[in-house]
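> In case you want the letters, here they are:
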Amino acid sequence: MNILPFVRTRRLGKVSVSAVTLAHGGGGKAMKDLVDDVFVAAFDERGEPLEDQARFDLNTLGAHGDRLAFTTDSFVVDPLFFPGGDIGKLAVCGTVNDLAVGGARPLFLSCAVILEEGVAVDLLRRVTRSMAQVANDAGVRIVTGDTKVVPRGACDKIFVTTTGIGMIPVGIDLGVDKACPNDVVLVNGLLGDHGAAILCARGDMALETPIESDCACLHGLISALLAAAPGTRFIRDATRGGIATVLNEIAEASHVSIEIQEERTPIREEVKAFCEILGLDPLYLANEGKIVAVVPAHQADAALAAMRGHPLGAHAAMIGRIGSEIEGRVTMRTTFGGRRIVDMLVGEQLPRIC
Amino acid sequence: MKYVDEFRDGEKARVLISEIETLVASMALPPDRPLYLMEVCGGHTHSIFRYGLEGMLPKEIELVHGPGCPVCVLPMGRVDDCVAIAEDPKVIFTTFGDAMRVPGSKKSLLQAKADGADVRMVYSPMDALDLARRSPEREVVFFGLGFETTMPSTALTILEAESEGIRNFSVFCNHITIVPTIKAILDSPGLQLDGFLGPGHVSMVIGTAPYEFIANFYRKPMVVAGFEPLDILHSIWMLLKQIKDGRAEVENQYARVVPDAGNDPALNAVSRVYELREFFEWRGLGSIDHSGVRLREAYAQYDAERKFTIPNVRIADPKSCQCGEVLKGALKPWQCKVFGTSCTPEAPLGALMVSSEGACAAYYQYGGQRRQAEVV
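Protein chains in written order, with numbering that gives the first Met the number 0: chain A, 0 to 353; chain B, 0 to 375.
Since the hints were derived computationally from the structure, they do not count as laboratory data.
Backbone N, C-alpha and C fix where the C-beta goes; we use that ideal spot for every residue, glycine too.
Be aware that a few hints might be false.
[Stated by the list, open to error] Pulled a few chain B residues facing chain A out of the computed Cβ check, cut under 8 Å:
1) 7
2) 52
3) 55
4) 57
5) 345
Build out the structure end to end from the sequences listed, making use of the hints.
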């Protein structure tokens, strides 16, 4: 027996006020208008009936691969708009990348928002339009979501949570525990741009720099990398904690040592100078468009060429090598000829006094 | 980076290391007694670890990481005072970032913030004053911390507040002075130090003359050193040269920044605003006479110690901590009983584990190569 679910008829309302109020989270007409006018209008161009869940055809999904990849992430950035991106772009790119680094093809996203009472509706529109634009460019669909409004002060303007589903093609099996001695460590470009851009954008240190966030969806680059270097052991996007954290995770999980070369590690001069002034270490600065990949040595050249051939990999570099010296230890050979340990970051980096 | 990369040239470093090795070889040092050279300043400690300098030096040279990290020598009782001020609901308490994690007897400023105190990180005292301008209904307190390096900027901020007639701004003054501290170390029983790398930033303000007593009275050489790795290696070479020649002088390697006579406008602001305290408590080193400053009576309205009721309780350092011995160079960080066990950067028991400039945190984070060799 075929049971038809209750189907709401689409009735696009208009939000008539300029700021979000608690009524927009109350479940009534105000909320429906907000959802229809802001979210559905941005994310759903197909005009299909709204359900409480998105539905997927398994046969269609199965054509993309043999395993489902599923991930979620919350975004709470301050400020909401910064050079090179905004919270919406970040929320789409971050979840797309979390799927892509597992080798998955990203397909569908959810978007849950927590709004602070008083947030301008126009601000919310800008965020959702940005999400829609990035998702469209990335070839993924935002298919479900949720809206909550909390009293003023209970959250900081807008918090976004995106959950993503993708499919992993047959034969791809990446793992943080798969790095082997003599493998090489690659990155796809200049490190630390996002962390530096956000710190500058907060504007509380009177520093003006031209640094923009590197926020970008990386599945195209990763797909090119995997095609050129099918033996790739592991990929991770180096977000919070920077590449230092990712390298430590690899060294620990794979029971290997890693040595990177400072002179090969690509960092923008402006980011170096910024870190110099504040006593920060760019290896620990967040990125939103950079991956660390571990590739067998014999595929390193092909992997590097594939990354450099992609617009998001122009500055790709081989920064180091996996070793077997001391399990779990990451070191850096400095440009100066010395050697230092690159450990996990404790807490957050705090600027030094002098 | 212009004017920076020149001082990070690996090729020049190899030449310098080779000259240091030649110099050390010509000194015929006993095998069981390395030369102990103290870098006074935490900024030097940071550079030494960041560039892996220790591992590049011959084994006859042992670097001792001195007391020049102001965050590290801050006594627990003073952190408690900060927390007490910060927990006053009408106060916005402002501080440099690395003071946020320093443990007090009950909590750090970071924990006080989590508990609801309005603690904010600033990058200069002028940022704190600006906050006061923008928050007339609140009292903005700046945690004045650091050696002569940061002392002038706090003084100038107070003078600015005075000229603008700003009333809701004050400073909890914990500024300290380097010279009595070096003297206290030189007076320590069983002193093993053979020479000092003088603090570059402090010297930029006070010049080189205040260190003359180290050479003249204690017969120890000092070289005021810059912070780039080549600066440090060059300064070590200069110290070794003095030791080899049997000289004890104050030399200025950092002359591109440090004028021998110091910086007059900065010194004027300092002497106008501050006066010496009779004594000041240092974490790990105990009380040192005339080693701290407070605001003069004329600036009482900007003095948080007078504006607020402060517990001012002296809290003894945890018994298990051996920060004092490490600060004086008697112990290496990893020889401390609690290093890396109950005292880690995540949960620092001793102050040297707090700031990245602290010797223990630097060892823990950057891992001295010799230490690495010992534990392997």
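> Could you work out which earlier hints the structure fails to respect and list their numbers in ascending sequence?
4
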